[in-house]
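Chains as they are written, first to last, in numbering that gives the first Met the number 0: chain A, 0 to 275; chain B, 0 to 450.
Hints listed in this document are in silico derivations from the structure and should not be mistaken for laboratory results. There could be a bad hint or two in this list.
Stated by the list, open to error - With a Cα cut of at most 20 Å, we get these calculated EDC-like pairs of lysine to aspartate or glutamate: (1) A:Lys205 / A:Asp144; (2) B:Lys182 / A:Asp106; (3) A:Lys252 / A:Asp217; (4) B:Lys182 / A:Glu137; (5) B:Lys374 / B:Glu328; (6) B:Lys182 / A:Asp108.
What the hints assert, rightly or not - Estimated spans, in silico, between C-beta atoms of each pair: (7) A:Asp106 / B:Leu179: 21 to 29 Å; (8) A:Gly103 / B:Leu203: 23 to 31 Å; (9) B:Gly159 / A:Gly103: 47 to 55 Å; (10) A:Asp150 / B:Leu203: 36 to 44 Å; (11) A:Asp223 / B:His444: 35 to 43 Å; (12) A:Asp223 / B:Leu112: 46 to 54 Å; (13) A:Lys38 / B:Ser107: 14 to 22 Å.
A virtual CB, placed ideally from N, CA and C, is assigned to each residue, including glycine.
These are the residues of each chain, in order.
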Amino acid sequence: MSFLAGHSAEPSSPLSSRPEHRPGSPLAVHGLTVAYNKKPVLWDVEWDAPEGRLIAIVGPNGAGKSTLVKACLGLVPVVSGQVAFFGSSLRRSRRLVGYVPQRGSVDWDFPVSALEVVTMGRYGMLGWCRPVTRRHREAALACLDQVGMADYAGRQISQLSGGQQQRVFLARALAQEAQLYFMDEPFAGVDAATERAIVDVLKRLKENGRTVIVVHHDLQTVRDYFDEVLLLNMRVVAAGPVDEVFTIENLRKTYGARLALLEQASSALADLARVS
Amino acid sequence: MSIGHESGVWPSLGETLHVLTFQGGFNTSVVLVGVTLLGVAAGLVGTFAVLRRRALMSDTLSHATLPGITLAFIVAVMLGASGRSLPVLLAGAALSGILGVLTVQFISRHTRLPEDAAMGAVLSVFFGLGFVMLSYIQTMATGEQGGIGKFIYGQTATMGVTDATVIGIVALGTTLASLLLFKEFRLVCFDPDYATVLGWRISLIDLAMMALVVAVTVVGLRAVGLILVIALVVIPPAAARFWTERLWVMAVVAALLGGLSGYLGAAASALFPRFPAGGIIVLVAGFFFLLSLLFAPARGVLAAGFRQLRLRRDIASQHLLRGLFEAGEAGGGEVVPAAALRSRVHGPAARLALARLTWQGLIARRPDGLRLTPKGREEALRITRNHRLWEQFLMAYADLAPSHVDHSADLVEHVLSSDMVEELERQLKARGRLPRHAGPPPSPHPLASGA
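The whole structure should be built from the sequences, with the hints applied where relevant.
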């Protein structure tokens, strides 16, 4: 817990609201800075994810939402800062962390079936060179069923629609049986049936006490789907329960002048104005 | 083991069969087995290398072996040892091949040069260095220079039992290792980031894959030659991909094609010792590739063309049936003159469709035109209903003008599955646009047919 001691000595940014780090929190991000080609993408991010909640990461394009997720998971190099999972290092917590990458991150023409992709979620439980057993295949099939895709188990993945592919990725993460889930834009470009399936899964995960962190782009559904929100634009603008943090004021700070250009965002603001 | 004819005359059928059935002498048989195993291993390892997009890396690797081979030869001769020792030459080959790969990785990690440019540079510089050293070897006072050429073009006919055994054992080991690491390779090829999240060290798995490629490439040098050994790693998996959508089937087919190429190539090389074995092996593999590209039912060119034609035929069938139905609806008679349908139905796919519908008994040909049979009417009713439902949906949800929906609906109606139709009905019902009767809703735009 050495970073906790160092924390108080740091000058606090006027924009970030800095909650106290709680030991054992599913995700504690401290002073995280990430740069691509010397251009900073995330700057001194300070955030604690509360346990057992559905959390949206919201911010404009290029705000570093996906980068934050990838940096936490060790997929992009970090300039400085620490990330702790359940009060421990990432290496020791791998089994507790599930991941749904962006759909565009893989080649869907790859020669595997939907079930084989979902079974990959079990690979972390298998040692090197150990074959996949029937028990794991059955668990994977159950996960496919949870997202309404059991009938497509044998389909080659390129023969699935975009929404179905997204559900396969979701089922693969479920197969990990993790405590904390990261989902990178799962709602992007999916059909209504898939959106319903994802929302169902989110609810069920919450009922089981899991924490889910979702990179989300649709401001209108934030209130309906999530308990907590992290407003991000290179640094943390605000974080906390949706009711307290998802305000016009904070959205203005996050989106700046661009907010006025986004029709979607402005109608969300209108909704907010009506509520408040 | 030279049972072939130095003069290049065709061997008799008996000789050919002898070689192919492992009766061409002990030596020939061992070489045949060794090279076959090499093909199996190369096909299997190549499957993963191709899917991980490392195919060109193995080409860099094989070309970068030349300075190692020549240096090993020079050192061996200077130390008074034999320049023909396969293990010594292969060790040199492996070392300089790996050095070449590491150089590429260093360049692409520390500069912004694209990897293919780095590979091109490294490949040619290493190969050039090897060539210069080769001409130095020609001036050396030893009678063993002739052996080096075999590593460039490949030679199986003069291979000894020991060499063939070394190749066979390494190939067998490589095969086993890639089967053991099947699960690891599958995930790293498909989604390396996810493998990282699961806690796997990608660099370690990639290293294992590269080591297997090195093993296959280096032992393949003697049989196939360093210019062409890449072909044995790349062509069988590429051919196998046309046959299947399953990774393990692809791996098995690639191993089979690789093994068959090695077997036939080595046999041909035994019968025609003057031909370069590498060239023959690669030609055999290339022949399998061509066959797969054209005729494989899963992803082959002909199968794709056939599916395309069938889709066009089905679309033409639906147009024809709906055209006949709407002509009747618009007040025309039962029999529609063929000329009236021409705007909708023309081209070879349409003629195919008409022939098929007639054969199936959905359309009856009359001297004065075409007529729907009762069975055809039923089918036409269903198709027209789907089309109009889709039109209604487009007007309700996409705000299309009635005069424009016909064309838009045309594009999609042919791919409507039955559950999509149900969903359509459900949504239209919610909007009160679904007709109560089971027939099609009236057309939102004037019908052109019958005119």
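Hints breached by this structure: none
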